[in-house]
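Start from the sequences and build out the full structure, keeping to the hints where you can.
Chains as they are written, first to last, in my numbering: chain R, 3 to 315; chain G, 3 to 315; chain W, 3 to 315; chain Y, 3 to 315; chain S, 3 to 315; chain C, 3 to 315.
Treat the hints with care, since some could be wrong.
The list cannot tell twin chains apart, which means a pair is met if one copy fits it or any two copies do.
To be verified - Distance condition first, Cα-Cα at most 20 Å in a straight line; then the derived EDC-like pairs of lysine to aspartate or glutamate:
| no. | residue 1 | residue 2 |
| --- | --- | --- |
| 1 | Lys200 | Glu312 |
| 2 | Lys293 | Asp315 |
| 3 | Lys254 | Asp111 |
| 4 | Lys139 | Glu233 |
| 5 | Lys254 | Asp16 |
| 6 | Lys290 | Glu213 |
| 7 | Lys50 | Asp76 |
| 8 | Lys138 | Glu112 |
| 9 | Lys50 | Glu239 |
For the record, the hints were derived by calculation from the structure and aren't laboratory data.
Number of protein chains: 6
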Amino acid sequence: MRTIETLKPGDSVDHYFLIHRATQGVTAQGKPYMTLYLRDKSGDIEAKVWTVTNDEIKMLIPETIIRVKGDVIDYRGRKQMKVNQFRVAVEEDNVKLENFLEAAPLTIDEMSEEIMTYVLDIENAKLQRITRILLKKYHHEYYTFPAASSHHHNFVSGLSYHVVTMLRQAKALCEIYPILNKSLLYSGIILHDLGKVKELSGPVATTYTVEGNLLGHISIISDEISQVAKEHNIEGEEVLLLRHLVLSHHGKLEYGSPKLPMVKEAEILHFIDNIDARMMMFEKHLKKVDKGQYTERIFALENRQFYKPETLD
Amino acid sequence: MRTIETLKPGDSVDHYFLIHRATQGVTAQGKPYMTLYLRDKSGDIEAKVWTVTNDEIKMLIPETIIRVKGDVIDYRGRKQMKVNQFRVAVEEDNVKLENFLEAAPLTIDEMSEEIMTYVLDIENAKLQRITRILLKKYHHEYYTFPAASSHHHNFVSGLSYHVVTMLRQAKALCEIYPILNKSLLYSGIILHDLGKVKELSGPVATTYTVEGNLLGHISIISDEISQVAKEHNIEGEEVLLLRHLVLSHHGKLEYGSPKLPMVKEAEILHFIDNIDARMMMFEKHLKKVDKGQYTERIFALENRQFYKPETLD
Amino acid sequence: MRTIETLKPGDSVDHYFLIHRATQGVTAQGKPYMTLYLRDKSGDIEAKVWTVTNDEIKMLIPETIIRVKGDVIDYRGRKQMKVNQFRVAVEEDNVKLENFLEAAPLTIDEMSEEIMTYVLDIENAKLQRITRILLKKYHHEYYTFPAASSHHHNFVSGLSYHVVTMLRQAKALCEIYPILNKSLLYSGIILHDLGKVKELSGPVATTYTVEGNLLGHISIISDEISQVAKEHNIEGEEVLLLRHLVLSHHGKLEYGSPKLPMVKEAEILHFIDNIDARMMMFEKHLKKVDKGQYTERIFALENRQFYKPETLD
Amino acid sequence: MRTIETLKPGDSVDHYFLIHRATQGVTAQGKPYMTLYLRDKSGDIEAKVWTVTNDEIKMLIPETIIRVKGDVIDYRGRKQMKVNQFRVAVEEDNVKLENFLEAAPLTIDEMSEEIMTYVLDIENAKLQRITRILLKKYHHEYYTFPAASSHHHNFVSGLSYHVVTMLRQAKALCEIYPILNKSLLYSGIILHDLGKVKELSGPVATTYTVEGNLLGHISIISDEISQVAKEHNIEGEEVLLLRHLVLSHHGKLEYGSPKLPMVKEAEILHFIDNIDARMMMFEKHLKKVDKGQYTERIFALENRQFYKPETLD
Amino acid sequence: MRTIETLKPGDSVDHYFLIHRATQGVTAQGKPYMTLYLRDKSGDIEAKVWTVTNDEIKMLIPETIIRVKGDVIDYRGRKQMKVNQFRVAVEEDNVKLENFLEAAPLTIDEMSEEIMTYVLDIENAKLQRITRILLKKYHHEYYTFPAASSHHHNFVSGLSYHVVTMLRQAKALCEIYPILNKSLLYSGIILHDLGKVKELSGPVATTYTVEGNLLGHISIISDEISQVAKEHNIEGEEVLLLRHLVLSHHGKLEYGSPKLPMVKEAEILHFIDNIDARMMMFEKHLKKVDKGQYTERIFALENRQFYKPETLD
Amino acid sequence: MRTIETLKPGDSVDHYFLIHRATQGVTAQGKPYMTLYLRDKSGDIEAKVWTVTNDEIKMLIPETIIRVKGDVIDYRGRKQMKVNQFRVAVEEDNVKLENFLEAAPLTIDEMSEEIMTYVLDIENAKLQRITRILLKKYHHEYYTFPAASSHHHNFVSGLSYHVVTMLRQAKALCEIYPILNKSLLYSGIILHDLGKVKELSGPVATTYTVEGNLLGHISIISDEISQVAKEHNIEGEEVLLLRHLVLSHHGKLEYGSPKLPMVKEAEILHFIDNIDARMMMFEKHLKKVDKGQYTERIFALENRQFYKPETLD
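The following block contains the structure:
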């Protein structure tokens, strides 16, 4: 079966897709139509259902899987699907939600195990304890949430996968530059984005919560660390340092960190985070283009296009 | 007795002053000397003690009151005092620390009473309760701390005096623009800078604490509100809104707010804060210059000079 | 009768509307059609007349009131009206232009009277005289023009209404901060935007004049004050100060003020102006959304969305 | 006689100089001393009179010519003069103020004649008339004032010399690009900086006037043009265009123009102005250094250093 | 025959045009259509061929001349052509490619001759030699390439025409400001954009090459000069200076110059370049509008609109 | 022997030091004195020789080793040395220049060997060949030059040491993110700063050359690669890509890269470079302060101070 990513204008489809978003419209002739965002593991596509009954409208709701017959066209330079016929999937179709969601390349168990080996490397007892408590408290969300609603790591388990690859970087840097404190850097990485479990709505059809909009994941996690420390009577400068790492991890005030990095691990955490996000975006965008071609402009990479060399892999 | 503010190059002094800061130096001839920052209610002045014994050096420490005979000179365009003779004040001198500290024009009781009338005007029960609890918890610091280590309201009780005049503004604005919510705006104003009781070291010889440097007063107070709400089982959107007001009160990310204002009271709180700080700086700097003259460049007012009209009061 | 503000996709209409703007187009099939911006007191809406004769085209001109039968549809996320049938209103319909124009919540008489009480509070004779002369010279425009062609106070009498609420703020601030000079601040507020009577084309279908584009309202009013002073032999620093207030009232060079504020009343005028504009935009945008919802992004508020709390009024 | 420009640390002097600025100080030993800025045609130098009587202090005032015996030393990387002996010049010395002031390389008559040939090339009668009237009204100041208190053309007649070289550029550009309107461009150039005759205090010891600080030369000249037009009943778009040229000639809002250029001659005026100022600064700074060397950092040239090639003239 | 520039919505056409770009689309009904950008000497226009066979699609390729019958319509405020009928031009039609390409107002011979007179004025032998060698090496491209793919001088021979008018400016400036070194300035102007012969794909249907995207014309020409100097054993500071001029000619780091101007001729080259580009854009955009009107917003002129005066030519 | 780094005001010294810079001054009393910058492996210090003969002045020149008896004093908050007595070191003293220069922690042989193992890992033959040729051509300079005249890696062999630690980072990243091309990234890292061997004057008393100032190391190395490729007939996209990496390695136009990164290895090279420079600065500054203290403001780290935790190593 062809995936959304590989569809081209002119293709016909007869596939199952997940409805990600759905909005109703009215044509110039006054008839209702539906605009859907359909999804599979490989990506998503805008689709139009130009002829639709009131009963059908009620079926076309987010998180529903439908079988679609249709055509892929080019609309103002972007792919669009014209839905000629559809029906809602039934049990007998034997299609599962998870097959339509993009997910991290590691399983939850693999990630959980790998992260735990880093937790054990946190030699400072206070930092290890806070990290463990919070990992436990939000275990489910931590291993299923995406790291963002768009841009990078915006897939199921994106949050924990982001942490895993960041920790791998941190380990290498601690070996190259022994003045880095492993305990502080590892605990900072593991917790830095944990506030997203409250800032975002969940792993599917992810949006921002009111709490996310009004406080932001940075203040949320700073506060969580503070609460955990108080409840478990963990005191000392380490709590301040750990909060400082999460507060400053965006690296600049204008990116929403209320404090600039003032300890070296805070500065390095910011860089590791940035590299990991960029590598994930490179992977996502470069796989869509052929050698010798350019990606589309990538907003989160300062709106640059990237070139995929002809001669190198 | 002439105050520091009114001293001019050429004046001789024989007064009591408070040592605010003291650092030791060595002259080109290899002898020790002391640089002091002396203070009275009206301001401060750099002073040099060119001849000083080791015993005297040990006496010249911050928060000590000394009696000084000396001369005021002009050193590269700034006033400096040359200390010819000094002694540490003794009980019989009957001089008191508070007489050397600049303070708010209202007494603690006056401010406390006025703020309480606004607290009673907070109709939302949750917001009033959080406000009351925090005012009580930090009562002493709240009514004695300055609002900053320099720039504006950097005097004893500056923090609470700043709140009082902001509340007066808020009251007027709520009358002119009835869509403003009084409960949210008043509670936000009363608490917005409360984190400074942990960010700053205290009312005298104020510096930044490590906690202040690593977290900042914005994150500190956001966390305090959250803790209080948890401990007293206060739940609901109001807690989020109040935290949002304090998080966003600097108005711009680059000024250290991790979130931009997203509710109208947050936006207005930022403006009220800004106006009050500016009025205080106008008062402080304009009283130093004559009519028809310009103030020095004021860093916190975008490094502008201000003109004091000849013809208007 | 439902207002434009409350119309929703799917609604049918049979109402009178004012044509605000009208442009002719040609369909892909080569036939003419008209795009109209229709208006009532509550707002405006884009409308399409897909079938239209040459005679009808000549009727569909700005500032005409028409009766429309049509349907409201959703076009790319925005409301649009499909005009099925229309006719130009006639005298018997008994509909009046002023019923289709948004206007200030106070009458011209109320505003004129209130502003005059402030004029009487201008104790400095020169400032009062200049203010009176200019208010008289442009009385009609002053009390009917909007304060802008879009963004804030863009309604009939918006200019004078903006001044009224700013004066109310100024009065409160002069009480809280007695170092403010009432004469200078009041006269500055009353005149600061008066240049708009030449910069803008008028109260209806407001556009920028060539003079407005080439000079701007700031230079226009600075020049008017200067002319009035010369003609009436009013001399002295006060004239400079008043011109300085209007020249600097945008607060920053990049906002089009050729001088930054250098007297305290100039700085405060800028803040009062800013608060009043923002309050007006909050009122306009928040009334369109339900509690617990966000406004659309508001360009003039740094493109932010604002949240309307669930729990507070 | 050696000029200030060519003095080097180690040199002794016995020359006449003009006192440009003078401030009194007090040494660490409590004795008075004077700091002078001495000037000749070639530049200025800071000078110290360490031993000075009260009577002498009264003689050392700006715009006085004195004869100095002294030594040039290096103080923190800058030349300074130590005054060992001095006396005020008397009539018999036969030294004249104008011999100590840097001036334009053309005489007033030469400049006045050259500018008049351009005035005659202004074909548009209204523009020519306004230009003539203003040139006449401020003839004396126009041909003696500097163009700035520092940076570029900060010498006697700098204002008119700046205009002359700009007009030469304009003439060349009008030939190369015939779409430029000569009348508008010439009149704009002649008047663009005329406001400086009120913004600055005069040709010697130039400072900013209160009017200059509060209004700025841009608003002053815009207003002058407007007054002249009114008094002489000159009406029409040309008056607007000419005012637009002077209002926009700084080219950017952040440089103090309240309007960006909107007609092509306004844009080009800004460029001509910029080139002429830069050429003058190149001339002033490069003549001070040897081939193969760099100038000091030049603030008004974005703080850059410039290199004087070894191999080219 | 009417040119594209003068076409208006409502016009019918029956003309020859050059296909500049062509992309295929599919209508909502699933049928193919073509979007063309058609060109003549005066400009270009978007055109739609709604009904098109597969054979026709193969004919509609860039650099083909076709004869079109169609209608001009207004599509969302921009002119669009609806192609009702077309055929590919044949030899008998006697239409030539060059008649459809906008070109410089001077012939190649005229430009080549004029540039050569400036080359002869380069008195420094090394600079003249490098200039001659590179002019010879890339003679063909130099006199046919445009100076850009869009914005300014984006027509056949635009590159050399841009150089010609810049040299005329340079000559005038060297006369007005004799401290400018003619040899360096002339050679710098002649070579500054020569890297575009590798950065751009050619005179027709111009795009960026991979080399252009990865290196940019500034680094390309710097390298060419260096190679030529090495191959011909031309050594000395002049080579550095010439490379500095081309490296710094964008004037600011953020415009892609790796070095800011550090010699006066580099600074002036940047200004001459800027003026010439702006004059070309004024000419192009102002000729499209009537007196008393504004141009559209011009992106490369900081998105400003320009006004064409009523009263002046 | 105590090192410069550990000297404190009040200390006496009787040590050998290297003269790094020397400038002559004249005291207020008109006598000559010398200001020296003395250096040892640990850092440098300003020193004053207040009494000095003309013969002695001639001895006190950069790169001379002298034996000094003197006192360390505090001058305006900075350490300064007062030289009471000195003599130039002679052969018998047996002191060597290299003992006074800070150097990389690895020997040239160690670095050369380690870099060569990475060269062997460059699988692409063209990239390996260019890298080898350039490493050989500039072998001596490459392994002795610093990476900068100040800020980071400003010590002997700093250039190659910077490359070694960057390569270690690159190796780790290529393992974590296999989509990175090792050949391109390694060759880019090895060559990225090689232009500094021409931009800087050498390993001791490093300044910028004229070539460095006018062209910059980025353009110099881009050109070197191009020359080598031409001379050895190495063609193909790889040469472009390698040049792109060095051209874009500053990451932003405003940091002097004429092109922004457009291939993923270019982006990552920029990050690796940045991390390595920051780690080196952390090491240098944090070792100077005690636990619980802050470093001074570090200009190259956005003028931030960094905190050295009490509780963590």
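Should lysine 138 paired with glutamate 112 be assigned to within, between, both, or neither, using CA atoms and 20 Å as the limit? within (16 Å within a copy, 46 Å between copies)
Give the relationship of lysine 139 and glutamate 233 under a CA distance limit of 20 Å: within one copy only, between copies only, both, or neither. both (13 Å within a copy, 19 Å between copies)
Identical-chain pair category, lysine 293 with aspartate 315, by Cα at 20 Å: Answer is within; shortest intra-copy Cα gap is 9 Å, inter-copy 47 Å.
When Cα atoms must be at most 20 Å apart, do lysine 200 and glutamate 312 count as within-copy, between-copy, both, or neither? between (44 Å within a copy, 19 Å between copies)
At most 20 Å between alpha carbons: which applies to lysine 254 and aspartate 16, within, between, both or neither? neither (48 Å within a copy, 47 Å between copies)
Evaluate lysine 50 and glutamate 239 at a C-alpha cut-off of 20 Å and name the case that applies: within, between, both or neither. The answer is neither: 57 Å in one copy and 38 Å across copies each exceed 20 Å.
With identical chains treated as interchangeable, where does the CA-CA distance between lysine 290 and glutamate 213 reach 20 Å or less: within a copy, between copies, both, or neither? Result: close neither inside a copy nor across copies, 35 Å intra and 22 Å inter.
Could you place lysine 254 and aspartate 111 in one of the four classes (within, between, both, neither) given a Cα distance threshold of 20 Å? neither (34 Å within a copy, 40 Å between copies)
What label fits lysine 50 with aspartate 76 when the C-alpha limit is 20 Å: within, between, both, or neither? Classified as both: same-chain Cα gap 12 Å, cross-chain 14 Å, threshold 20 Å.
Checked against the numbered hints given earlier, the structure breaks hints 3, 5, 6, 9 and satisfies all the rest.
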